[in-house]
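The whole structure should be built from the sequences, with the hints applied where relevant.
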Amino acid sequence: MQRSLRGKLILIFSLIFIISFIIVTYVSIYESSKFLQREAMEGLSVALEGNAMVIKAKIDQEVIFIETLANRRIIDDDTPWEEKVDVMGKEAQKNGYEAIAVANLDGNFTRFDSTKTSGNISDRNYFQKSKKGESNISDVIISRATNEPIMTVAAPIERNGEITGVLYGVKSQEEINSIISDFSYGETGSAYIINRQGQIMANRDLQMVLEQVNILEYAQKDPKQQQLEELLENQIFLGNAGVGEYISEGKEKISAYGPIEGTDWILIVSIDKEEIFNNVKNLRNLLMIIGWGAIILSAICIYIASSYITKPIVVLTETIEKLSNYDLTSDKNDKGTKYLYRKDEIGKMANSLVFMKNNFADLIKKIDDTSHQLASSSEELSVIIQQTTLASNEVAKTIEDIAKGATNQAQDASEGSIHINDLGVLIDRNQDYMKKLNTLIDRVNELKDEGFTTLNFLIEKTTESNEASIKVNEVIISTNENVEKIEKASLMIKNIADQTNLLALNAAIEAARAGETGKGFAVVAEEIRKLAEESNSFANDITNIIQQLLVKTESAVTTMASVGKISNEQKESVEKTNEKFDGIADSIDKVKEMIVSLNISGREMEDRKEQIVHIIMNLASISQENAASTEEVSASIEEQTASMIEIANGSEELAEVAENMKKSVNKFKY
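For what it's worth, numbering that gives the first Met the number 0 labels the leading residue of the sequence shown as 0, then goes sequentially.
Keep in mind that a hint or two might mislead.
With a straight-line Cα cutoff of 27 Å, these simulated DSSO-like cross-link-like pairs (lysine-lysine) come out [stated by the list, open to error]:
1. 662 with 356
2. 551 with 564
3. 591 with 434
4. 551 with 529
5. 250 with 321
6. 93 with 83
7. 220 with 55
8. 564 with 579
9. 487 with 460
10. 280 with 252
11. 7 with 57
12. 356 with 321
13. 460 with 570
14. 131 with 55
15. 7 with 55
16. 342 with 7
17. 470 with 7
18. 57 with 470
19. 33 with 272
20. 589 with 579
21. 342 with 356
22. 470 with 484
23. 564 with 470
It is worth saying that the hints were derived from the structure and are not from the lab.
Written out as structure tokens, the structure reads:
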């Protein structure tokens with residue numbers, strides 16, 4: 000008995016703990032996997048946006064540089080070629096260009112070098128775009144001169160509103176490739192750039208760029224790369240931005256992709272899926288270690304607890320065995336005495352057993368006394384039987400009346416049971432509604448938490464946007480001030496040119512007066528006058544350009560002021576929304592408290608209903624039994640009279656039974 004009960008307790012509680020641990024572990028791992036994958040996708044998207052902005056800024060910087068050079072007069076004026084080569088060479092070296100060249104509209108180019116390297120680029124895509132007035136940067140191409148991967152930045156040359164040629168600069172692909180090579184995300188994260196045909200423009204593995212590997216063709220050759228092929232054709236090449244999964248080189252990958260604004264390039268950032276789930280494996284191993292430790296500890300605790308429960312039961316069982324052997328004596332040194340003072344069920348059982356033993360002892364004493372009285376009472380029984388016969392006739396009439404009342408009571412109890420069952424159905428339906436309401440309020444709480452997360456993110460981005468707007472505004476104001484300074488300088492140049500022109504004119508007049516002696520001086524004066532007129536013309540061009548810049552910078556200052564105002568209003572609106580969410584959160588908490596109270600009330604109503612149903616069923620059963628019993632009693636009364644005679648005969652035997660009972664009582668020890 001002891002081992003069986005202890006073994007059952009250990010088995011039951013161990014199974015409950017192990018099953019609970021398995022469920023908690025599975026749910027933890029599943030939710031952790033989902034969370035880590037979601038975080039990884041968001042992290043990849045942020046990394047993609049950051050790198051795309053860096054690359055776009057780099058491209059914009061290069062395009063602006065070439066556009067600025069294209070607007071300089073030195074490109075197509077009469078400046079000596081050696082001077083042009085010197086100026087362009089310094090610009091190329093300062094900005095990291097291998098060469099700078101100018102091409103006419105037929106594609107014939109001349110490089111700014113001492114040998115005037117020339118050729119034709121009319122078949123190049125970047126030339127065709129610039130010829131149409133579009134500044135651009137080319138895909139990675141293999142140089143015809145050096146057979147190395149290069150990128151070309153090209154801009155149209157406009158004079159008097161017409162395109163007269165194309166200026167382009169040759170830049171090593173390694174500069175863009177260095178941005179990609181320096182990128183890191185975790186241990187396996189990497190980034191690369193492709194064009195819309197799938198050719199790799201930049202990659203950490205420079206050899207793939209040199210070999211002009213096409214990722215789409217690579218995926219089409221391998222049936223295992225079908226996911227990558229579908230992702231390229233259905234999402235990436237269409238210019239969409241997003242996150243996708245595919246298998247590459249036998250490994251599952253998660254990649255974020257998106258176009259680089261202002262180019263035909265697409266940036267892809269990827270990471271091994273296995274790296275993301277390494278933390279899940281670590282969590283699983285930790286949970287297993289903790290779980291097994293907890294199982295062992297709980298088994299020890301259960302063993303100790305089961306011993307604490309079963310030991311007093313064994314002691315009390317020994318006491319019950321003594322009772323089964325007619326031993327009702329009490330011993331102050333009994334093992335079960337120490338359990339009398341416990342406040343739990345064991346203490347109640349021990350006290351009840353002592354109480355039962357004492358009651359049995361008192362009962363046996365009373366039975367012994369009764370057996371003595373029974374012998375004398377049997378003699379009086381005959382007299383009482385005669386009186387009972389008369390009374391039983393009157394009882395028969397009374398019982399008939401009771402039977403009618405019992406039948407009516409049984410019918411009322413049955414109807415009450417039906418109504419209580421209807422009430423139970425309504426209570427059950429109300430409980431179902433409360434369960435649905437619990438589910439809905441949990442969902443509302445989740446949405447509230449997601450709303451807080453989104454608002455906090457929006458507040459951070461709004462603050463960053465305000466700071467960036469302030470910096471941009473400061474740069475524009477500084478540019479505006481510098482433009483005004485340049486305008487003043489150009490006016491000074493124009494004045495100097497005018498004065499120089501007047502001096503040249505005076506010199507020419509003096510040379511004419513000098514006759515043959517002043518002819519050489521007249522030639523020099525004429526050249527000075529021409530230079531003065533050209534300087535005046537250049538000063539006018541600079542003034543026009545500065546006027547346009549002033550208009551644009553003033554417009555930019557106004558626009559940035561509006562942007563600052565809008566950003567502040569947006570920030571205030573976000574803060575107000577956050578306050579509203581706080582109010583919603585408080586209301587949700589109060590509703591949850593009310594729902595908890597309603598749940599408790601519903602369970603209490605259910606318990607009370609079950610108790611009432613039980614009581615009414617008992618009443619109905621008792622009423623039916625009473626109705627049947629009264630009918631039986633009525634019939635029994637009729638037989639009672641006849642039985643009285645037999646009882647009289649039995650009273651003689653009763654004395655003999657009393658004697659036997661006395662002998663049986665003597666078997667008990669008390």
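Here's how the hints hold up against the structure:
1. 662 with 356: holds, 20 Å
2. 551 with 564: Roughly 20 Å separates the two Cα atoms, so the pair holds.
3. 591 with 434: With a Cα-Cα distance of about 12 Å, the restraint between residue 591 and residue 434 holds, given a limit of 27 Å.
4. 551 with 529: Given pair residue 551, residue 529 is violated - Cα atoms ~33 Å apart, limit 27 Å.
5. 250 with 321: violated, 76 Å
6. 93 with 83: Given that 27 Å is the threshold and the Cα spacing comes to 15 Å, the pair holds.
7. 220 with 55: violated, 32 Å
8. 564 with 579: Cα-Cα ~23 Å, so holds.
9. 487 with 460: It is violated: about 41 Å lies between the C-alpha atoms, which goes past 27 Å.
10. 280 with 252: Status holds; Cα separation ~18 Å.
11. 7 with 57: violated, 74 Å
12. 356 with 321: Measuring from Cα to Cα gives roughly 10 Å; hence the hint holds.
13. 460 with 570: holds, 10 Å
14. 131 with 55: holds, 22 Å
15. 7 with 55: violated, 72 Å
16. 342 with 7: The given pair, whose Cα atoms are some 24 Å apart, holds under the 27 Å limit.
17. 470 with 7: violated, 75 Å
18. 57 with 470: holds, 19 Å
19. 33 with 272: holds, 12 Å
20. 589 with 579: Status holds; Cα separation ~16 Å.
21. 342 with 356: OK: residue 342 and residue 356 at ~20 Å, within 27 Å.
22. 470 with 484: Holds, at roughly 21 Å.
23. 564 with 470: holds, 15 Å
The earlier numbered hints that this structure contradicts are 4, 5, 7, 9, 11, 15, 17.
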